[in-house]
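So the chains spell out like this:
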Amino acid sequence: MTTGRLPNLIRKELIQLGRDWVLSAFIITLPVLQLILLARSTGSRITDLKVTVVDRDRSAASRGAVESLGNRDELAIDGISDTLDQAERLLDAGDVLIVVVIPEDFSEALGRGSASPKIQLVVDGSNDLVADIALRAAQAALSEFVRDAAEGATEDSLTLIDLRSTVRYNPSLDVKLFAVPAQLGFIVYQVTLTVAAVGFARERELGTLEQLIVMPLTRLELILGKAAPALLVGLLNFLSMLAVTVWGFGVPMRGSLLLLLAFTFLFVAAEIGYGILISGIAQTQQQAILLVFVLAMVDMAFSGYLVPVENLPAALRWVSQFVPLRHYLSTIRNVMLRGAGPGVLWHHAAAVVATGAVVTGVAARTLSRRLD
Amino acid sequence: MSMRRLWVVTRKEFCHVTRDVRLLLLVTVAPAFLLVTLSYVFALDVGRIDLAVRDLDQTSVSRELVSQITADGDFVVAVWLEGEPDVERLFARGGADIVLVIPSGFTSMALSGKAAQLHAIVDGVDAMGAGQALALLESRVRAFVGSMARSRMGLGAEPLVTSRMVEIRDRALYNGALRSLTSMVPGLMAIILAMPALALALGLAREKEMGSFESIIVTPVHGVEYLVGKLLAYEAGGLVSGVLALIVATVWFNVPFRGSMADFLLLTADYLLASMGISLVVASLVRNQQTAMFLVLMIFFVPSFFLAGLLRPIAEEPLARAVAYALPSTHFVTISRGLFLKGLNVSALRVPALALLVIGLGCQALSLLLFEKKLS
Numbered sequence: 422m423t424t425g426r427l428p429n430l431i432r433k434e435l436i437q438l439g440r441d442w443v444l445s446a447f448i449i450t451l452p453v454l455q456l457i458l459l460a461r462s463t464g465s466r467i468t469d470l471k472v473t474v475v476d477r478d479r480s481a482a483s484r485g486a487v488e489s490l491g492n493r494d495e496l497a498i499d500g501i502s503d504t505l506d507q508a509e510r511l512l513d514a515g516d517v518l519i520v521v522v523i524p525e526d527f528s529e530a531l532g533r534g535s536a537s538p539k540i541q542l543v544v545d546g547s548n549d550l551v552a553d554i555a556l557r558a559a560q561a562a563l564s565e566f567v568r569d570a571a572e573g574a575t576e577d578s579l580t581l582i583d584l585r586s587t588v589r590y591n592p593s594l595d596v597k598l599f600a601v602p603a604q605l606g607f608i609v610y611q612v613t614l615t616v617a618a619v620g621f622a623r624e625r626e627l628g629t630l631e632q633l634i635v636m637p638l639t640r641l642e643l644i645l646g647k648a649a650p651a652l653l654v655g656l657l658n659f660l661s662m663l664a665v666t667v668w669g670f671g672v673p674m675r676g677s678l679l680l681l682l683a684f685t686f687l688f689v690a691a692e693i694g695y696g697i698l699i700s701g702i703a704q705t706q707q708q709a710i711l712l713v714f715v716l717a718m719v720d721m722a723f724s725g726y727l728v729p730v731e732n733l734p735a736a737l738r739w740v741s742q743f744v745p746l747r748h749y750l751s752t753i754r755n756v757m758l759r760g761a762g763p764g765v766l767w768h769h770a771a772a773v774v775a776t777g778a779v780v781t782g783v784a785a786r787t788l789s790r791r792l793d
Numbered sequence: 079m080s081m082r083r084l085w086v087v088t089r090k091e092f093c094h095v096t097r098d099v100r101l102l103l104l105v106t107v108a109p110a111f112l113l114v115t116l117s118y119v120f121a122l123d124v125g126r127i128d129l130a131v132r133d134l135d136q137t138s139v140s141r142e143l144v145s146q147i148t149a150d151g152d153f154v155v156a157v158w159l160e161g162e163p164d165v166e167r168l169f170a171r172g173g174a175d176i177v178l179v180i181p182s183g184f185t186s187m188a189l190s191g192k193a194a195q196l197h198a199i200v201d202g203v204d205a206m207g208a209g210q211a212l213a214l215l216e217s218r219v220r221a222f223v224g225s226m227a228r229s230r231m232g233l234g235a236e237p238l239v240t241s242r243m244v245e246i247r248d249r250a251l252y253n254g255a256l257r258s259l260t261s262m263v264p265g266l267m268a269i270i271l272a273m274p275a276l277a278l279a280l281g282l283a284r285e286k287e288m289g290s291f292e293s294i295i296v297t298p299v300h301g302v303e304y305l306v307g308k309l310l311a312y313e314a315g316g317l318v319s320g321v322l323a324l325i326v327a328t329v330w331f332n333v334p335f336r337g338s339m340a341d342f343l344l345l346t347a348d349y350l351l352a353s354m355g356i357s358l359v360v361a362s363l364v365r366n367q368q369t370a371m372f373l374v375l376m377i378f379f380v381p382s383f384f385l386a387g388l389l390r391p392i393a394e395e396p397l398a399r400a401v402a403y404a405l406p407s408t409h410f411v412t413i414s415r416g417l418f419l420k421g422l423n424v425s426a427l428r429v430p431a432l433a434l435l436v437i438g439l440g441c442q443a444l445s446l447l448l449f450e451k452k453l454s
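So the protein sequences, as listed, match chains A and B. Quick note: the first sequence uses my numbering, first residue 422, plus one each step. Quick note: the second sequence uses my numbering, first residue 79, plus one each step.
Extracted from the complex, chain A is given alone in its bound form (with noise of 0.2 Å):
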């Protein structure tokens, strides 16, 4: 590798991208957009599922029902249906998530001690999620309003044992500061790879391919020379959110921002290995931007953002252990969150180089194919 060669290269990929100002505009700006709009709407627990009730008692013990349902988060009480029909249409326009049926004897019933009072509860289950959680909110809602309605009851089963919890790293359980780090790990990694991505597609596509192939630079050079805009930006992209995610949300960092830099550089390094696989497989930017699309997708799911990787089946799991954005997310949390050092990390550092080192050398592989 003569000097002098490589960075005329990268000079020259660097005035194509500062030349394309739109495009640089976007890159530079929209994450940091995106950033704040995905934490602002997912970083928050789920509150106010709209609930209807069919109140068949219309006794003031229906009506404390009703109420301690309102208390709860999770549920906001949305008006009171006549009947069981009328709150199924509203169901099915997907106005409201639950219905609950209060019975006509349910103040009798709570009165006279002996008969469990029966209400019912009818759920949309087209969201299993949030079905799970507005069930859990009313069940427990109703069996609060009932134990403390009931005469009695006045031992306290709950003083036998005594349960007492801590909660780690994030004492009052804000959702912000699992979102927000997991939205800023997935947006560095999604710019990187597209940026990556079209490197030689769009070379090869308007014809300049040839060109770079007879100028007197080894594969690798002509690699690392189309992975430095890449690396730039999406180091750029990770220091101007990281510090909305910090100033901005109030997400703590807790270890050693060094560290995480460190490996924030081997993670784009692997992604825009995999970038440059993706651009020296596909011929147009089209096909190389619908792979990009459908590897990101898999990564995502695989990167226990949405899904924790413990929960994955076995196999998965294992196929979870070759997708570089899982290391990074666990990496960002472990380092944000819990201060880890570098003996937690070690491991996922390693999967992280060694996936990459792979996925670099088939991709130099695949472009030496390519191009003879």
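Lysine to aspartate or glutamate pairs mimicking DMTMM-like chemistry, simulated, CA-CA at most 20 Å apart: (1) B:Lys-286 x A:Glu-624; (2) A:Lys-471 x B:Glu-394; (3) A:Lys-597 x B:Glu-394.
Interface residues of chain A toward chain B, partial, derived using beta-carbon atoms under 10 Å: (4) Ile-448; (5) Arg-557; (6) Tyr-590; (7) Asp-595; (8) Val-612.
In short, the hints are calculated from the structure, not lab data. Computed from a predicted model, the values in this text were never measured in an experiment. We put the CB at the ideal spot given by N, CA and C, even for glycine.
Fit chain B to the given chain A structure using the hints.
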């Protein structure tokens, strides 16, 4: 607008898409493939919670407590801790979600009627998961106390628990078992069917980039004919992938399809129209494919995952809510779940269907305007 010229353009686009085998696969089969992959990952009905237990009491009662907590598999003892636990390390490596410490003297306290202490240390990083795990643990402990009280009653001791339970019967409509796949597969259709729209944006940007756009301008084809022709070709590809995805959903994943096929095709075409409308606007604004892709991914694909009501209900936060309703995918998640699970017809789904139509036509008109301006 001449039908003949429109047909010529549509055929030209069709040739483009079908000649490029990889592109054809990416537009038609890849969405169905993604649906399979994504659905498996999202189909997780029960999240298993790993416990690390330090039992300092070592009695039959403490062992019974642990076995009752773990009885149905929601909680699993991942590790029995012998010495002082290194909580930080356990959590950082993902070895456990909760460390449960049963202090010595637990049993004697509990049996003498005093409050016996139990200590749970929770990894709060995944706040939502941690909150749920903690609530579940509390209910398990409460149930254990109840069963302890009952067994003491059997021995003739005083009843400790007299509070009655409320009888709550619950029933989930549309998805009786609250099966995750049943609700995720129709929702994910909205995301994967965005691929034809992305391909359209790229195809258009490509023509601008390569300069072949100019050569079309000099032909007698009008701007409208050109755009509509292109749209029809990709719309057809999108409908094919929609039907493939429907087959995957019903045959492979056993998701019930309670609506009608005609409604499905109509509303899918409606969705494709809206998402392609956004693509056209993007394509008419930018000069090259790279920028087009970047915009489509950033303003369409990623927000769809988080804002469209796929996993969480549509946000209350005003900005996020406004963005959500501007996204075609938000409306299609409602439509798709309505068709598959609720068995609704077009008239019951008219609100999201009209929203898509408005987004679609509005964007087409806007993009036409932008193109005309460029051409003149």
